[in-house]
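**Q** Using the hints, position chain B against chain A.
Next come the chains, spelled out residue by residue.
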Amino acid sequence: MENFLQFNSVSYFYQTKDNEIQAVKDLTFSVNENQFASIVGPSGCGKTTILSLTAGLLTPSTGEILIGNEKVGKHDGKVGYMFQRDHLFEWRTIWQNITLGLEIQKKNKDPKKLARAEELLKKYDLYNFRNKKPRQLSGGMRQRVALIRTLMLEPQLLLLDEPFSALDFQTRLLVCDDVYDIIKREQKTALLVSHDISEALSMSDRIIVLSSRPACTKQVVDLSFEGKTPLLKREDKEFGRYFETIWRSLTNENQKTS
Amino acid sequence: MAGILKPFGEVLPMKTKKQVNFSQAHKKYIKRLKQEKILVVFLQIFILALLLGLWELLAHFEVIDPFFFSSPSRVIKCIASLIAGGEIWMHMGISLAETVIGFIVATLLGAIIAILLWWSERARKVSQPYLVILNSLPKIALGPMIIFWVGSGFSATVVMCVLICIVITIISLLNAFTSCDQDKILLMQSMHASKFQILRKLILPNAIPEFVSVLKINVGMSWVGTVMGEYISSSAGLGYLINYGKSMLNLDLVMASIILLSILAGGMYFLVNLFEKRKQQ
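As they're listed, the protein sequences go chains A and B.
If you're matching positions, the first sequence starts at 4 in the working numbering and goes up one per residue.
If you're matching positions, the second sequence starts at 1064 in the working numbering and goes up one per residue.
Just so you know, these hints were derived from the structure itself, not from any lab.
Be careful, since some hints might not be right.
To be verified - Capping the alpha-carbon separation at 20 Å, the derived lysine to any residue pairs in SDA-like fashion look like this: (1) B/K1342 to A/P137; (2) A/K187 to A/F228; (3) B/K1247 to A/P137; (4) B/K1342 to A/F92; (5) B/K1247 to A/Q108; (6) B/K1247 to A/A169; (7) B/K1140 to B/I1322.
Since we're looking at a predicted model, the values are computed, not measured.
For reference, chain A alone in the conformation it holds in the complex (with noise of 0.2 Å):
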């Protein structure tokens, strides 16, 4: 579906007690389904108040939020998060941390999914330590749990706040091929926000490059690479090009506020 999720001249409004502070102006992008989009900016534009937006945790001052045509409203579970660090509850077994959505949605009693549970786990090689304290894990196969916490409630769209900057670099390389990997599998859309330029290139169908606060839409880029993988792509002899389109886009901005 062209167009699943679309940002119409979107703006929001931060309170604050001395003054209003606009956030997001005139926002306008889409993003294709089964595509993942990348949202890059320079830090402190804004990008996760975008993606509270969109998981309807916030509301727009004006504009509207579309994901598969319909509005989004509060609380209509189409959206799964994924944060920055992988925020599993040290208390809870993997599995049970892999089954608090279900838990939260009263449908931990649904065979179905359950099934889908003990599936997603075998798929990804973490039925083994079901039972285990995600303490007992390495980083990256947490951040592999959480992203299978996220997937059990089938969201419509995957929002990811840079959810590799908590890990080392090598790891992260390694985590990004994988949850790529996923997601790609799942066949799911992705929104990732994120300041790492060739993270972002990695991953994504396409960029939409933002700018200072508030944000607005300053490029958006569609990428085709002959790679498969987000390490291949970094390969790739296109991607050099790409960073520096997007580089330039970046800090054009940035000389003219400086």
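**A** Positioned in the frame of chain A, the structure of chain B alone reads:
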């Protein structure tokens, strides 16, 4: 297993198989650990024996006045006669009952109040100055009022105990509840958890380590409450015995009561510790 290690290229922090063949260096390391442990226990016992021995000798040769300082042998004799008299079980039982009741009431009530304050941000803001003042107020100052309100003896002591424990319980637990990671709450919200579910599945289990440390603090605090309560007004209990011994100038009795008190308090702390270890498993 190999398949799991492969995509990450990092060593997993756990081993599924226990190592059987140890190197010489490892054996040495284990031996050193054991020796260290033995040495620590030995020193602990040695210091106790040294202090008791010194105390006994100094009292025996009247370097210190045994009338005021008592001595281990006199304390043991005193405890033996207390046990022979039989009344000591009643005193210990009453103090223990007061402490345990005060401890449980303060912990439960404090936890309930902390939950309510977490639930309502407004209630939290409104109650803050009261909590601060109650926390800094020496609760013993309320002693005379307590006697008039609930009568002297057992109930006054329990109330004193509760007052001393409850404020710190509320403050520590509330702090643990409100310091829960915002992203974790966001995660729960993105799964459409209700506020009650957030409380039950995230806030409460997340605060368990803090809860255990509150329990440990409350063991000490509740004994303070009991002894203070018994000092102010009582006709039974170890605090009463200490006070009685003081007025009769029977310092052996005072020392004996203190020893029994520390055995009971130590025992209670030990139980809480056991609970903590259970929880960790």
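**Q** Now look at each hint and say whether the structure bears it out.
**A** Here is what the structure says about each hint:
1. B/K1342 to A/P137: Within the cut-off at roughly 16 Å; holds.
2. A/K187 to A/F228: Since the Cα atoms of A/K187 and A/F228 sit roughly 15 Å apart, the hinted pair holds (cutoff 20 Å).
3. B/K1247 to A/P137: holds, 15 Å
4. B/K1342 to A/F92: Roughly 15 Å between the alpha carbons, so the hint for B/K1342 and A/F92 holds.
5. B/K1247 to A/Q108: Holds, because 17 Å separates the two Cα atoms, which is no more than 20 Å.
6. B/K1247 to A/A169: holds, 15 Å
7. B/K1140 to B/I1322: holds, 13 Å
The earlier numbered hints are all upheld by this structure, with none contradicted.
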